[in-house]
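> Residue numbers (this note's numbering), protein chains in the order written: chain A, 1 to 296; chain B, 1001 to 1552; chain C, 2001 to 2314.
If you are wondering where the hints come from, they were derived from the structure by calculation, not from laboratory data.
Given the structure is predicted, the values throughout are model-derived calculations rather than measurements.
Don't be surprised by glycine CBs; every beta carbon is placed ideally from N, CA and C.
Any given hint might turn out to be false.
Below, simulated SDA-like cross-link-like pairs (lysine to any residue); rule was C-alpha separation at most 25 Å, straight line [stated by the list, open to error]:
id : chain 1 : residue 1 : chain 2 : residue 2
1  : C       : K2123     : B       : A1061
2  : B       : K1082     : C       : A2225
3  : C       : K2123     : A       : A283
4  : C       : K2123     : B       : T1101
5  : C       : K2123     : A       : V284
6  : A       : K65       : C       : L2157
7  : A       : K65       : C       : F2154
8  : B       : K1015     : B       : S1004
9  : A       : K155      : C       : I2027
10 : B       : K1297     : A       : W123
11 : B       : K1350     : A       : V284
In silico contact screen, one side only, chain A against chain B (beta carbon under 10 Å); selected entries [said to hold, decoys possible]:
id : residue
12 : K59
13 : F62
14 : A189
15 : P207
16 : N208
17 : R253
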Amino acid sequence: MSAHSPMSSDSTLSGGASVKKARRMKLPAPNAIVGGTLIGILLVTACIGALWTPYDPLKLSFREKLAAPSALHWLGTDEFGRDVLSRLMAGAATSVWISILTVTLAVVFGTLIGLFSGYMRGWTDRIIMAFNDALLAFPGILLALGLLAVVGANKYGIIVALGIAYTPSVARVVRGTVLSLREREFIAASRVMGNSEGFTMARHILPNCIAPLTVLATSMFGYVLLAESALSFLGLGVPPPAPTWGNMLAGSRPYIGQAVWLGIFPGLCISLTLLGINLLGDAVRDRLDPRMRGSR
Amino acid sequence: MNTSPLLDVSGLTLKIGASGRTVVNDVSFQVFPGEIVGIVGESGSGKTLAARAVMGFIPPAVRLDGGTIRFDGQDVMAMSGKDLRTMRGSKVGMVFQEPMTSLNPSMLIGRQLDEGLALHRKLDAPARRALILDMLRSVGLRDPEGALTAYPHQFSGGMRQRIMLASVMLLKPALLLADEPTTALDAVVQRDVMELMVELTQANDTAVLLISHDLGMVARYCSRIVVMCQGDVVEQGLSEDILARPQHPYTRKLLSAMPHRLPVRLLPEAKTPIVSVSDLVVEYPGRQGFFRKGEAKRALHGISIDVRPGEVVAVVGGSGSGKTTLGQSIAGLVKPAGGEIRFNGKPIQKSDAAYWDYRLNCQMVFQDPYSSLDPRMTIRQLVAEPLRLVPDMSPAERKARVAEVLSEVGLGDGFAERYPHELSGGQRQRIAIARAIVRRPSFVIADEPVSALDVTVRAQVLELFDELQKKHGFSCLFISHDLGVVEQVADRVIVMQDGRIVEEGPRDDIFDNPKHPYTQKLLAAVPGLESTPEGGVRLFWRRAENDAAITG
Amino acid sequence: MFRFALTRIGMALPTLLIVAVSVFVLIRLIPGDPAQLMLGDLATPASLADLRARLGLDQSLPVQFGIWIGNVVTGDFGQSISSQQAVLPLILSRFWVSAQIVLVAVLLASCVAVPAGVIAAWKQDSALDLGLVATATLLLSIPTFWLGLLLLLFFGLKLEWLPVVGYVSIAENPWAGILYLVMPILTLFLHEIGVILRMARASTLEVLRLDYITHARAKGLSERAVLWRHAFKNAFGPTWTLIGLVLGNLLGGIAVVETVFTIPGLGRLLVDAIFARDYPVIQGCMLFVAFTYVLVNLVIDLCYPVFDPRVTAQ
Chain A
1 MSAHSPMSSD STLSGGASVK KARRMKLPAP NAIVGGTLIG ILLVTACIGA LWTPYDPLKL
61 SFREKLAAPS ALHWLGTDEF GRDVLSRLMA GAATSVWISI LTVTLAVVFG TLIGLFSGYM
121 RGWTDRIIMA FNDALLAFPG ILLALGLLAV VGANKYGIIV ALGIAYTPSV ARVVRGTVLS
181 LREREFIAAS RVMGNSEGFT MARHILPNCI APLTVLATSM FGYVLLAESA LSFLGLGVPP
241 PAPTWGNMLA GSRPYIGQAV WLGIFPGLCI SLTLLGINLL GDAVRDRLDP RMRGSR
Chain B
1001 MNTSPLLDVS GLTLKIGASG RTVVNDVSFQ VFPGEIVGIV GESGSGKTLA ARAVMGFIPP
1061 AVRLDGGTIR FDGQDVMAMS GKDLRTMRGS KVGMVFQEPM TSLNPSMLIG RQLDEGLALH
1121 RKLDAPARRA LILDMLRSVG LRDPEGALTA YPHQFSGGMR QRIMLASVML LKPALLLADE
1181 PTTALDAVVQ RDVMELMVEL TQANDTAVLL ISHDLGMVAR YCSRIVVMCQ GDVVEQGLSE
1241 DILARPQHPY TRKLLSAMPH RLPVRLLPEA KTPIVSVSDL VVEYPGRQGF FRKGEAKRAL
1301 HGISIDVRPG EVVAVVGGSG SGKTTLGQSI AGLVKPAGGE IRFNGKPIQK SDAAYWDYRL
1361 NCQMVFQDPY SSLDPRMTIR QLVAEPLRLV PDMSPAERKA RVAEVLSEVG LGDGFAERYP
1421 HELSGGQRQR IAIARAIVRR PSFVIADEPV SALDVTVRAQ VLELFDELQK KHGFSCLFIS
1481 HDLGVVEQVA DRVIVMQDGR IVEEGPRDDI FDNPKHPYTQ KLLAAVPGLE STPEGGVRLF
1541 WRRAENDAAI TG
Chain C
2001 MFRFALTRIG MALPTLLIVA VSVFVLIRLI PGDPAQLMLG DLATPASLAD LRARLGLDQS
2061 LPVQFGIWIG NVVTGDFGQS ISSQQAVLPL ILSRFWVSAQ IVLVAVLLAS CVAVPAGVIA
2121 AWKQDSALDL GLVATATLLL SIPTFWLGLL LLLFFGLKLE WLPVVGYVSI AENPWAGILY
2181 LVMPILTLFL HEIGVILRMA RASTLEVLRL DYITHARAKG LSERAVLWRH AFKNAFGPTW
2241 TLIGLVLGNL LGGIAVVETV FTIPGLGRLL VDAIFARDYP VIQGCMLFVA FTYVLVNLVI
2301 DLCYPVFDPR VTAQ
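Based on the sequences and whatever the hints tell you, model everything.
Structure follows, in structure tokens:
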């Protein structure tokens, strides 16, 4: 720390009075570029992987088992001789698909509950939120684990279990947004205009929920992907032989000494995906930061 | 008076590092020991940046591009960190605008006050405590000992500003920087805090640099004024000179933006008042605990008012007076617990036949231009929305009406497809007005429509409002905490305090002959204007009969 | 303050109740006779009839719930199908193992990450700040099970410094016990540093913008005094809340780390129980973890006024 520090950081500048022109588009931050690239690669790989892979991800080939990465198998093969790269690509498709469905489920139900609760207010709101918060009292994947015990551990079980597990967070965010929007003057203006409550909800409140929902959905996508990987790792997710990054990591454990690549690549994929989502999420949050908006 | 200035700012130029935009341009002014100097400007004038630079506070995004700041002969910009820290607090003190955020919420008041004192003075703890208690007493706290072990959130805004003053004046600095110290406070409290500040600084021979957008307040307390606009000093001199003989066009604009009284209007006689409120009672439910319900709080205690067609009635009062609640009740946003509201002589319940007439004809303009427009709608959609409910209006007719109304508020075609965030505060308020009058209502409630705007913009919007009111003849309930604004627009004035009407009458009567002590107190904070031959004004201040300061 | 504490505790009670109801309903959703499910393969007609009577299956659901809750409150969580042990003592012994790892890891991570986050915020946009943020983001993007695997690979297999599999209780053999715990704790430690640092940094940045910080500087305080005496306390609140959330998440999420290092913890107990359809254990674990989470958050909430006295006024 320098002894000479007269120019200390301070509060915001007073903004200009007139903002007649539209805000100039700012260059995307490095966060967004790196994050966007990583996510882009993920999505492209997932799309390709759903339709085509270099080798059949399920094809067994005992001759080639536990082969190190080579020109023939770029990322090596596993204990059954299956090509790792193909399995990663197929796994990408599976994980992305599951995550999208789960997030959609959580967002749809969470929004309905949140909107309803925020709209009704009073005791209805309190009761709904009491149940909602109680569900949130099951931390992390606990609720999903419990639900899996009931619905059964497979691809669709995961979507249902994780979807239900994440619905309360969405409901909470939507309800919070609805409540704070209700305090804004343009809602009062809508009522004074003569609009019915229902019309006000649909025309004014719902569209303004989209921004926070988008931010939430993006970060939730990351959490769900991670959760699905973790559950698959534990053996409670997508069952083998269908590949997903999580169960590939689980399968690599017995062979980790001899075939180190089996443990590196699936984990690397998950990490890079999460990194991409985090960076992108940061960039989006910075952009939407209300401090950056023009103020008087 | 000393010949050498205490503070000498010369050619100060600050630029934003990245874009190179100049935010303070070649600014020079001086403050001599013991005098009170004011810097007046609107947002974007650079006054706050210039003032903060005096203490060496320059935001990281901004850089010094030229000029010097000398305090007591020393160059502030060249000072070492240690010297700067010695200067801060003990030689120069600063009071901020927002009382809510200027005190550390998690530190006891006693400790916060003690900090500066312990740093700069060699006194032991009991001596410091005695000084602090003394100072708290002199700023008007009734229980100084209790305050020492209290947290800031336990005090009101006005009290917090007093505590800030105490904290700064404890060290008897040679210069006090007051950056909009009373802007966030109630009108009556504002005056009390300002008087206190002046009293304290004069008693301690402290010079004051007062920064404000309020020319009236600055003129009242400062012997010299510096006028800034967009980073430049456009004019400076003695207060009387600036006011009486303004040289620069911007200064003239500021002066003309101060509310002037217009001649009395004659209104046509009408049998039925357009809005008639009788014995209105509004209550807010008490705090809902788990096991007990708090007492209901009465916001309005049986209010009765009548508004004639074409009349502008101003409702004035401080926060908590109930004026906003009154407006909201008439607009239908709040359900009354008792009493009756009639529109055009007919009751206005949803089930009544006359409901739609009331609903279509009673409109409202809100205070906050940043919150009253849906950010996702274009201007055209915003202004057209009310027309949805007008029967028998074809899309073409609607489009024409929207265009008509937009041009009436002075915003041409280009604005229709824009979004609210692209517009300034003043423009947004025009849109809010356009939206309110698009159905040609007969009654408009304006809830502090100009309070959130800059002074010169305020004048423009008031003028617009006036024009529209004369052209279309709607009645208006104009709610404001600012009597100055009200003087310009009102035909009749109603003064409220604590949910009751304390005085009402024609505008001239209220302003020239206030009877109730609260009305007098409100008026004491507002300057009266007299035009001078050279195109300037002379301000005069009304004295309240009972001038004892209230703790608020 | 007293009223604040009472309110918070009061708010926790309905949550606990609904949690209990949820767990009860969840298990009852499984198709089949509850008594049969509880006894599994070891059911005999006699034991089935006995259990049915004890669970009150012939009576209405609310009554059954009442009986169940009554048992829970007295510590009777039933019996594990797989191991025939009483469920609650089993859970507690496993919880002890998991708790050691989680608490030590989060404590260490907080001690490192919080000051680091505050300093990063103080030196915003400097090389140090960018480096810290990049490291934190990287660390929290790595899933714990992979990180654990990598550590296992490196320290366990390649360097052979630490044991790869197994667990010994510290109570039995302190030194060996610690060795087994080092890698799991390290895994969680690294991951949570990322999470906590970012939050500490973000909330410090928020606070540094506020007027009272400038006011503190205006009094002539040194930057260091401003940061630690004024900014820190106010900034710590949100991080404190986050630590509560992290603890809770780890209660559930530790299962993966326990799997990687073969630690007999609570997470592994639940997962094994799911595979084995050991419903009493599943039920018991869910109830226990959720209750613990609510309690942890309650404690966190009750400490909050230390950092922000304003909450007691609401």
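> Does each hint hold? Answer for all of them.
A quick look at each hint next to the structure:
no., hint, result
1, K2123/C with A1061/B, "14 Å, holds"
2, K1082/B with A2225/C, "13 Å, holds"
3, K2123/C with A283/A, "20 Å, holds"
4, K2123/C with T1101/B, "23 Å, holds"
5, K2123/C with V284/A, "23 Å, holds"
6, K65/A with L2157/C, "22 Å, holds"
7, K65/A with F2154/C, "24 Å, holds"
8, K1015/B with S1004/B, "29 Å, violated"
9, K155/A with I2027/C, "21 Å, holds"
10, K1297/B with W123/A, "21 Å, holds"
11, K1350/B with V284/A, "45 Å, violated"
12, K59, "52 Å, violated"
13, F62, "60 Å, violated"
14, A189, "6 Å, holds"
15, P207, "5 Å, holds"
16, N208, "6 Å, holds"
17, R253, "49 Å, violated"
Going down the numbered hints, you'll see the structure goes against 8, 11, 12, 13 and 17, while the others check out.
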